[in-house]
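2 protein chains.
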Amino acid sequence: MTKVCAVIMAGGVGTRFWPRSREKSPKQLLEVLGKGTMVQNTLKRLEGIVAPHDTFVVTNRIQRGALLKQVPSVPEENILDEPVGRNTAPCIGLAALHARRIAPDAVMVVLPADHVITDLAEFHRVLAVAIETAAESGSLLTIGIHPTRPETGYGYIQSLTDEGAHNPYVGRGVMRVKAFAEKPNLQTAERFLGSGDFLWNSGTFIWGVDVILRQIETCLPEMHGEMMKVDAAIGTQQYQSTLEKAYGVIRGISIDYGVMEKSDNVFVIKGDFGWSDLGSWDEVYLQSGKDSSGNSITGTVIQIETRDSYIYSPGKLVAAIGVEDLIVVNTDDALLICRKGRSQEVKEVSDYLKRKQMNEYL
Amino acid sequence: MTKVCAVIMAGGVGTRFWPRSREKSPKQLLEVLGKGTMVQNTLKRLEGIVAPHDTFVVTNRIQRGALLKQVPSVPEENILDEPVGRNTAPCIGLAALHARRIAPDAVMVVLPADHVITDLAEFHRVLAVAIETAAESGSLLTIGIHPTRPETGYGYIQSLTDEGAHNPYVGRGVMRVKAFAEKPNLQTAERFLGSGDFLWNSGTFIWGVDVILRQIETCLPEMHGEMMKVDAAIGTQQYQSTLEKAYGVIRGISIDYGVMEKSDNVFVIKGDFGWSDLGSWDEVYLQSGKDSSGNSITGTVIQIETRDSYIYSPGKLVAAIGVEDLIVVNTDDALLICRKGRSQEVKEVSDYLKRKQMNEYL
Numbered sequence: 117m118t119k120v121c122a123v124i125m126a127g128g129v130g131t132r133f134w135p136r137s138r139e140k141s142p143k144q145l146l147e148v149l150g151k152g153t154m155v156q157n158t159l160k161r162l163e164g165i166v167a168p169h170d171t172f173v174v175t176n177r178i179q180r181g182a183l184l185k186q187v188p189s190v191p192e193e194n195i196l197d198e199p200v201g202r203n204t205a206p207c208i209g210l211a212a213l214h215a216r217r218i219a220p221d222a223v224m225v226v227l228p229a230d231h232v233i234t235d236l237a238e239f240h241r242v243l244a245v246a247i248e249t250a251a252e253s254g255s256l257l258t259i260g261i262h263p264t265r266p267e268t269g270y271g272y273i274q275s276l277t278d279e280g281a282h283n284p285y286v287g288r289g290v291m292r293v294k295a296f297a298e299k300p301n302l303q304t305a306e307r308f309l310g311s312g313d314f315l316w317n318s319g320t321f322i323w324g325v326d327v328i329l330r331q332i333e334t335c336l337p338e339m340h341g342e343m344m345k346v347d348a349a350i351g352t353q354q355y356q357s358t359l360e361k362a363y364g365v366i367r368g369i370s371i372d373y374g375v376m377e378k379s380d381n382v383f384v385i386k387g388d389f390g391w392s393d394l395g396s397w398d399e400v401y402l403q404s405g406k407d408s409s410g411n412s413i414t415g416t417v418i419q420i421e422t423r424d425s426y427i428y429s430p431g432k433l434v435a436a437i438g439v440e441d442l443i444v445v446n447t448d449d450a451l452l453i454c455r456k457g458r459s460q461e462v463k464e465v466s467d468y469l470k471r472k473q474m475n476e477y478l
Numbered sequence: 117m118t119k120v121c122a123v124i125m126a127g128g129v130g131t132r133f134w135p136r137s138r139e140k141s142p143k144q145l146l147e148v149l150g151k152g153t154m155v156q157n158t159l160k161r162l163e164g165i166v167a168p169h170d171t172f173v174v175t176n177r178i179q180r181g182a183l184l185k186q187v188p189s190v191p192e193e194n195i196l197d198e199p200v201g202r203n204t205a206p207c208i209g210l211a212a213l214h215a216r217r218i219a220p221d222a223v224m225v226v227l228p229a230d231h232v233i234t235d236l237a238e239f240h241r242v243l244a245v246a247i248e249t250a251a252e253s254g255s256l257l258t259i260g261i262h263p264t265r266p267e268t269g270y271g272y273i274q275s276l277t278d279e280g281a282h283n284p285y286v287g288r289g290v291m292r293v294k295a296f297a298e299k300p301n302l303q304t305a306e307r308f309l310g311s312g313d314f315l316w317n318s319g320t321f322i323w324g325v326d327v328i329l330r331q332i333e334t335c336l337p338e339m340h341g342e343m344m345k346v347d348a349a350i351g352t353q354q355y356q357s358t359l360e361k362a363y364g365v366i367r368g369i370s371i372d373y374g375v376m377e378k379s380d381n382v383f384v385i386k387g388d389f390g391w392s393d394l395g396s397w398d399e400v401y402l403q404s405g406k407d408s409s410g411n412s413i414t415g416t417v418i419q420i421e422t423r424d425s426y427i428y429s430p431g432k433l434v435a436a437i438g439v440e441d442l443i444v445v446n447t448d449d450a451l452l453i454c455r456k457g458r459s460q461e462v463k464e465v466s467d468y469l470k471r472k473q474m475n476e477y478l
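Protein sequence lines correspond, in order, to chains S and U.
Just so we're aligned: the first sequence equals residues 117 to 478 in the working numbering.
Just so we're aligned: the second sequence equals residues 117 to 478 in the working numbering.
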């Protein structure tokens, strides 16, 4: 049976979730939807597929303390700190080095820590097929999400749909990737949606530990060189300083751009399991349970003719009168009031706070 | 020269100003508009007309402490506590008893503590005419506000406009009152506005101290009987207990309904001096200074396409994105979000809190 390990990428900042997400308490460490924090739910979602002691969580020093408390079943040595965020390629490379120490021939499942999946059984079915295919083929696999709207906030993956007998895995719903596409404008997104062969890029990957390390060597040789120095330092007193030196040199690059788009051995499997990246407060509202007035409420809210709104205020009484289509997020030290449909602009608030050096709010 | 004293009625609760106004910090004790609390501004408005030591402030035990600090120029013995609120007639009667001890032949100006007046010179002119007329005529005078819209939130006063030589004060702009009208519906309010002889009832009165006490004796004999017991106890150790007994018996009634409407010696003088009773957050927004986006802001508010809104949050950072026509009042323990034009419904929030016995928010 194939040995499987997992890498949960949990170092993000999540500026679109201000004022709840902060440097010390980013989205993945919050209870955003229902019970459990997002990273806890990501770990839980792997139950029956990957054991916690075969799971790595990549984070940073600021978040490490909170993370250790949230996932006590993951061994402390599996919580990996990056000295600085350098996008997904170094993050995955670093985790692969550590995973190789446990099992060089394992298949590695890479997942963002801050996504939501509602149909767990279907997720497990798709993941099992992907793991089996990755083990058999030595290919790079990604999960592409069945698109339901012309979303401009996601990257897309175009699959090759007419391969026939040239693709031995087509019977499992595994297709070769034709191309990756950046976040499109609305017109392009509508064309993608109509074409039938474009899927949303979920940022979830499945591949052999050795396979991805060889691919990084091929596609990103400089980064690989730095990574080899880190590898040699694992378990020594020089680990931390070597890691910092490496990350000081390494160029930030995504695994999509750095490896996936350059490799000719990339497959995609379609997932249709109630996925969302919860990329904004609007998306959280969409995914939330609502009362009969269409409101999603956390905290004590006195509602007078209030409709279709998201109100989060666990610590303070709210009275809402005649409110419609509003997102309200009330934390201990800040209050967001945002017209529904405009929560992408929350990022501008973070930008403003950075510009004004209002660091206590970041 | 006529001796003048003043009575500032400051015992109200101001439930329409929730969450800022509470039992311990009602509207009149707050800085609602510009500098100074409303009661401080009411006192200041009398400068040059009535001295602080001739001014009485009627309040209650809960608010007394805060009030003493806010109006240090008023002698402590002039701050009168009512054991319980019984509307304006007992409040005015009690103040008149105390005023009579200072000067029985004085003219007494009675003012609510929570109104705003922007044209001070015109207010002084009107008040001087009213004081002179009250002193000469022994009549009851009230100030009627020149109406500028068909307001349904105010009572109205109809003046007799065709008296001619039967009214010796008509040359001063003082008219006999024909009738008092309760808060009208919109249709009636529009008729009032069109008629030209209806004015807004400002709740401001001018009369001789002895005159109003005799009128109370005539119109409200039971109340007067109780008041005489209180009068006899002033300056004795029995004052407090006598007052409490009296207020336990006295029926709550307004001076308008209890005296003004029953008397045939009532005059009104028109005031046009930028008056507002600041009866709601909508009214506060209207009276506030605005920025170029039409927003009235207190506190640090990051605005992204936010218009025509009132945002009060002195203690907590707010980010507003795409917000329009909203009233936001953020205090230490509660948050109000109200569609503009609906702030009269804030009273329903207070009613709800009472019903649910959420007393800490009252």
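It cannot be assumed that every hint is accurate.
[What the hints assert, rightly or not] Simulated coverage check for chain S against chain U, where a stretch passes if three residues somewhere in it have a Cβ under 8 Å from a Cβ of chain U: (1) 179–190; (2) 464–471.
[Said to hold, decoys possible] Dumping the calculated SDA-like pairs for lysine to any residue here, alpha-carbon to alpha-carbon at most 25 Å: (3) U:K463 <-> S:I418; (4) S:K472 <-> U:I418; (5) S:K432 <-> U:E193; (6) S:K432 <-> U:E147; (7) S:K345 <-> S:A219; (8) U:K140 <-> U:E193; (9) U:K472 <-> S:D407; (10) U:K463 <-> S:G431; (11) S:K432 <-> U:M474; (12) U:K406 <-> S:N283; (13) U:K456 <-> U:L302; (14) S:K294 <-> S:D313; (15) S:K432 <-> U:R471; (16) S:K463 <-> U:L302; (17) U:K432 <-> S:D449; (18) U:K432 <-> S:M474; (19) S:K119 <-> S:R330.
Bear in mind the hints are in silico, worked out from the structure with no lab data behind them.
This one's a predicted model, so the numbers in the text were calculated from it and none came from an experiment.
All residues carry an ideal CB built from backbone N, CA and C; glycine is no exception.
Does the alpha-carbon distance linking K456 of chain U and L302 of chain U stay inside the 25 Å limit? Satisfied, since the Cα-Cα distance of roughly 19 Å is no more than 25 Å.
Take the C-alpha atoms of K406 of chain U and N283 of chain S, compute the straight-line distance between them, and say whether it is at most 25 Å. 67 Å, violated
Hint consistency between K119 of chain S and R330 of chain S [alpha-carbon to alpha-carbon, up to 25 Å]: 19 Å, holds
Is the hinted pair K294 of chain S and D313 of chain S satisfied, with a Cα-Cα distance of at most 25 Å? 10 Å, holds
Within 25 Å, alpha carbon to alpha carbon, are K432 of chain S and E193 of chain U? Given that 25 Å is the threshold and the Cα spacing comes to 40 Å, the pair is violated.
Straight-line alpha-carbon gap K432 of chain S to E147 of chain U, limit 25 Å: Status holds; Cα separation ~23 Å.
Are K432 of chain S and R471 of chain U close enough, with their CA atoms no more than 25 Å apart? Measuring from Cα to Cα gives roughly 19 Å; hence the hint holds.
Three residues or more, CB to CB closer than 8 Å: is that satisfied between the stretch 464–471 of chain S and chain U? Satisfied; 4 residues make the cut.
Could you grab the alpha-carbon distance between K140 of chain U and E193 of chain U and see if it respects the 25 Å cut-off? 21 Å, holds
Restraint check for K432 of chain S with M474 of chain U, where alpha carbons must lie at most 25 Å apart: Within the cut-off at roughly 13 Å; holds.
K345 of chain S and A219 of chain S were given as a pair; does the straight-line alpha-carbon distance stay at or below 25 Å? 20 Å, holds
State whether the coverage of the stretch 179–190 of chain S by chain U holds or is violated, taking the criterion as 3 or more residues with Cβ-Cβ distances under 8 Å. violated (count 0)
Going through the hint list in order, the structure does not satisfy hints 1, 5, 12 and 16.
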